[in-house]
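K.L.:
Chain by chain, the residues run as shown.
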Amino acid sequence: MEIQPIVSVADAITAASAAYDELAARAEEVEDEWSFVNDLADAWRIRLADVADARGDEPAAIGVAEAVAALSAEARAIDDPHRAIDWLSTFPQVLLIAVGEWP
Amino acid sequence: MRFQDAAPDARAVVYAGIQADPLVARAAGLLADARLDQRILARAVMNGMTTDPVVWRTMFPGLFGPDRPAGPDRERSEAILDAAVAVAERGELVRQQVRGAIVEAVTELIVRRRGGGTAAANQAIRRERRILFDGVRAEIHPYDVTVETPGASEAIDCKWGARGISADVLHQLDDARTHAADEEEHLAATLVVFDARRSCDVRLERQTAPHEATRLIALETLDDLAR
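Protein sequences, first through last, are from chains A and B.
Counting from 1, one number per residue, gives the positions in the first sequence under my numbering.
Counting from 1, one number per residue, gives the positions in the second sequence under my numbering.
Keep in mind that the hints were calculated from the coordinates and are not lab data.
It is possible that part of the hints are untrue.
What the hints assert, rightly or not - Covered stretches of chain B, going by a simulated chain A footprint (3 or more residues, C-beta under 8 Å):
1. 3-10
2. 47-54
3. 65-71
4. 198-210
Stated by the list, open to error - Beyond 12 Å from chain A on every Cβ pair, some chain B residues (computed):
5. Q38
6. I40
7. E108
8. G116
9. L132
10. W160
11. A162
12. R163
13. V169
Claimed, not checked - From the structure, some residues in chain A lie toward chain B, with a derived Cβ separation under 8 Å:
14. Q4
15. V7
16. D32
17. F36
18. L40
19. L71
20. I78
21. T90
22. Q93
Predicted model only: the values in this text are computed from it and were never measured.
Ideal Cβ placement from N, Cα and C applies to all residues, glycine included.
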């Protein structure tokens with residue numbers, strides 16, 4: 001599990017974004033849900049961007065770097081595109097909780 | 001309008017066994033009294049890949065970090081984690097069924113808080129019931145939870161995630177409500193989704209089936225079921 005240096009809330013959101021993008025790509029494999037998958041991912045990216053804009057400069061709390069690393073590793077372990085769709089919703093909720101936000 | 005037990009077909013018999021699993025009651029009892037972050041923990045674990053509790057504790061520093069002292073709240077988080085891992089350790093098909101049964105059981109527990117939990121109020125809350133209307137063909141699928149109080153009846157369907165919101169589900173709920181109105185009866189239609197409101201809204205935006213009069217209860221508002 002790779003732990004990236006995370007100093008701020010914005011760092012945490014940025015560090016998690018690559019794993020979220022990979023999750024969305026996996027979810028897109030369910031062709032019937034392609035539009036829903038992209039709308040869902042976009043909706044959560046907007047929410048995360050709003051948090052980064054509002055609180056990005058705040059220091060990340062103790063344990064956030066490890067939480068982001070664990071969350072990203074968990075998302076990358078998902079090989080079933082149907083589970084990936086479900087995790088497109090779960091992932092940002094876990095991330096937001098980690099940085100002290102309600103989803 | 002009248003309520004009726006669902007026919008005990010093969011699916012119902014198998015699912016009744018899932019619903020009776022002690023793990024379902026244990027998880028539902030914990031989640032009925034949980035906070036949002038604890039419910040999100042359960043959601044993540046029950047559909048996660050790893051079943052290593054250490055990984056999940058790392059992922060939720062607000063619940064298990066050094067700032068969270070030992071005590072009842074920490075104990076509840078640990079108990080929820082333990083139950084959710086037990087669900088995740090089931091085979092994929094069984095875990096899906098168990099998750100669904102847990103959402104239904106949580107819904108029932110919270111709905112039972114209405115009316116102060118009196119015997120009369122409790123008797124009005126039922127599971128796996130059909131709703132019949134004069135001259136209307138009965139729906140195949142029973143409602144997960146019903147409140148069968150004259151003048152304040154309610155049909156409740158439960159879903160694990162936003163993706164479970166479909167045209168069929170929305171039509172069945174809205175049809176029941178409108179058929180009841182045709183008989184000058186009140187029937188509230190409620191859809192409980194164990195997922196974030198934001199995700200539900202994205203799903204609903206894609207639906208043309210009628211849902212304006214259906215109450216949506218998402219993960220953030222589960223406790224509203226008590227009202």
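K.L.:
Next, verify each hint and record whether it holds.
P.N.:
Tested hints:
1. 3-10: Contact hint for the segment 3-10 of chain B vs chain A: violated, 0 residues under 8 Å.
2. 47-54: holds (count 4)
3. 65-71: holds (count 3)
4. 198-210: holds (count 7)
5. Q38: 10 Å, violated
6. I40: Since the minimum Cβ distance to chain A is about 5 Å, I40 (chain B) lies within 12 Å and the statement is violated.
7. E108: Holds, since 23 Å exceeds 12 Å.
8. G116: 29 Å, holds
9. L132: With a cut-off of 12 Å, L132 (chain B) remains clear of chain A, as the shortest Cβ separation is near 34 Å.
10. W160: 8 Å, violated
11. A162: 6 Å, violated
12. R163: 6 Å, violated
13. V169: Check passes; 15 Å lies beyond 12 Å.
14. Q4: Hint on Q4 (chain A): violated, closest Cβ of chain B at ~14 Å, above 8 Å.
15. V7: Violated. Min distance 16 Å.
16. D32: 11 Å, violated
17. F36: With a minimum Cβ separation of about 6 Å from chain B (threshold 8 Å), the hint on F36 (chain A) holds.
18. L40: This interface hint holds because 5 Å falls under the 8 Å limit.
19. L71: The hint holds - L71 (chain A) has a Cβ within 8 Å of chain B, the shortest such distance being about 5 Å.
20. I78: 6 Å, holds
21. T90: This interface hint holds because 5 Å falls under the 8 Å limit.
22. Q93: It holds, given that the least Cβ distance between Q93 (chain A) and chain B is near 5 Å, below 8 Å.
Hint check: violations occur at hints 1, 5, 6, 10, 11, 12, 14, 15, 16; the rest are consistent with the structure.
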